[in-house]
Every structure is written in structure tokens, then in C-alpha cells.
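Asks: As a plain string of letters, each chain reads:
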Amino acid sequence: MDEQTIEVRRDIDVILARNVGRKMANEIGFGELDQTRITTAISELARNIVIHANRGKVVIREIQKGDRRGIEVVCTDDGPGIEDIEAALRDGYTTAGGLGIGMTGAKRLMDEFHVESVVGVGTTVIVKKWLR
Amino acid sequence: MKIPILKMEDILIVTIQSELTDREIEELSHDILDMINKVGAEGLIIDITALKVVDSFMARSLNAIANAATLLGSETVVVGIQPAVALTLVELGLRISWGVKTALNLEKGLEILRKKKDK
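Residue numbers (the working numbering), protein chains in the order written: chain B, 1 to 132; chain L, 133 to 251.
A couple of the hints might just be wrong.
To be verified - Below, computed lysine to aspartate or glutamate pairings styled on EDC-like, alpha-carbon distance capped at 16 Å:
#, chain 1, residue 1, chain 2, residue 2
1, B, LYS128, B, ASP111
2, L, LYS233, L, GLU207
3, B, LYS128, B, GLU112
4, B, LYS23, L, GLU151
5, L, LYS184, B, GLU32
6, L, LYS134, L, ASP166
Said to hold, decoys possible - Coverage of chain B stretches by chain L, computed from C-beta distances (three or more under 8 Å per stretch; other residues unrestricted):
#, region
7, 11–22
8, 37–47
9, 104–115
Simulated from the structure, these hints should not be mistaken for lab results. Virtual Cβ for every residue (Gly too), placed ideally from N, Cα, C.
When you get a sec, could you build the whole thing from the sequences and use the hints?
Replies: Next up, the structure:
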């Protein structure tokens, strides 16, 4: 199954990541609305990498579970990590002066959301969306 | 890439035709406000029909442009938000921050600004 990795360092990489995401979502068979949700979620998560970390990557792949198909996006960075994940997932929480809806927004737009973070090491966010 | 800012009577029209990086959005914000200041525009229309993604940064930037334009005496209307983009913005949780006037298309946006002027 298809998989693509986008190295993320600068703001231009955010656009690259979401273009790859949209193309792959389209190929998997997602409709326009879901493509927009997935692309927007990728944009929020990739931007978090640019803002909080020096570098990171976004891996986008097609996934399958039984007869269900979907898309998985794994965002990994070498940033400072998140001290309080619960707080970070609250609406309006921000450490970088944004709207504080990046991560919660991405969570709402996708079907599954998982975050792991180690302070001083980095953060990994995994989101999935399934074809209906 | 410089985004052209058109002037029609006392209204400025900005059409965003491709995806912009964060830096390009910031540059555009500055250029627009500069132009309002220079020509004394009373209205500003930002057409985002071509945008297939509006994330929280873009939304926040559009808000900031509109608020700053108001301070310079110019009313802003954002036009052309695509249906999928609109729904995604709502789901993203933007109810907390979306305060910009919107219209379906350029024509309706101009109508809003003209009506306001005739009053």
C-alpha cells in the first residue's frame, strides 16, 4: 500500500504535506468534504511541527482493517514535547500565540487521534480517517 | 510571488489564487494595509474562491487583516468560501474567532460595501 514521507522544516513544507495528503485521500476514494477535513488536519499538525520543533516529518499512508480502508497520518517531531497533554487538547490552549485550536481541531476533523510526547525528546501525533 | 491588489473606485479587491505559505500571508496582510492607507480605501474584498484549504492560521490572518482594516476606516468582506471549507472551519472550532463579514461571491461582496456607502 502507498506511503509517502514529507520532511517538515519550513512553512512551505506545510503546503507540500497537505498537497500530498489531498492527492492520497483522493486516490483512496475520499469525497471532497473528507479530503478537505484530512488536508486541513494535516495542515494544523504540520504547522505545529514548524512552530514548536526544528524538524519533523509527516508520513501519510493508506491503511486497511478488515474490509475498511482509510488514511493514516503520522506526525513526528524533535520539539520540546508537551508537558500537559490534557491541557494541550483543551480548546484555546496555546503556548505559541496561535488560536490554540491546532491539535484539538485536527482531532475533531479525523476519526481517530493519538498523541505521545516525551518532554525534551519530541512528540508524535497519529490521526486516522476511515472511508464510510 | 506578489499578489495583485486591485483598486475599483474606493474599494480594494484581492484575489488569492493559490495556496500561500505563512510568510506570504503575512506579507500580503502588510501590503493590503499599506495600500488601504495609501489610497484611503473604504472597502476591502478578499476573494478566496480558489482556496481548497483554510486552516486556523489562514483564518486567523483573515481576521487580523479585517480588524486592522477596520481601524484604518475600511470595511472588509471575505468572499468565495467553498462549502467544504466552510463546514471544515466550523468543525475545526472556529466559532470562537470568526468575526469577519462574508459573502457568497464577489458580486454580493461589492453589493454589501456599496449599500453601506449609500446609507
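Asks: Each hint needs a verdict: does it hold in this structure or not?
Replies: Okay, the hints, checked on the actual structure:
no.	hint	in the structure
1	B/LYS128 x B/ASP111	holds, 6 Å
2	L/LYS233 x L/GLU207	holds, 9 Å
3	B/LYS128 x B/GLU112	holds, 5 Å
4	B/LYS23 x L/GLU151	holds, 15 Å
5	L/LYS184 x B/GLU32	holds, 10 Å
6	L/LYS134 x L/ASP166	holds, 14 Å
7	11–22	holds (count 7)
8	37–47	holds (count 6)
9	104–115	holds (count 4)
Violated hints: none; the structure is consistent with every hint.
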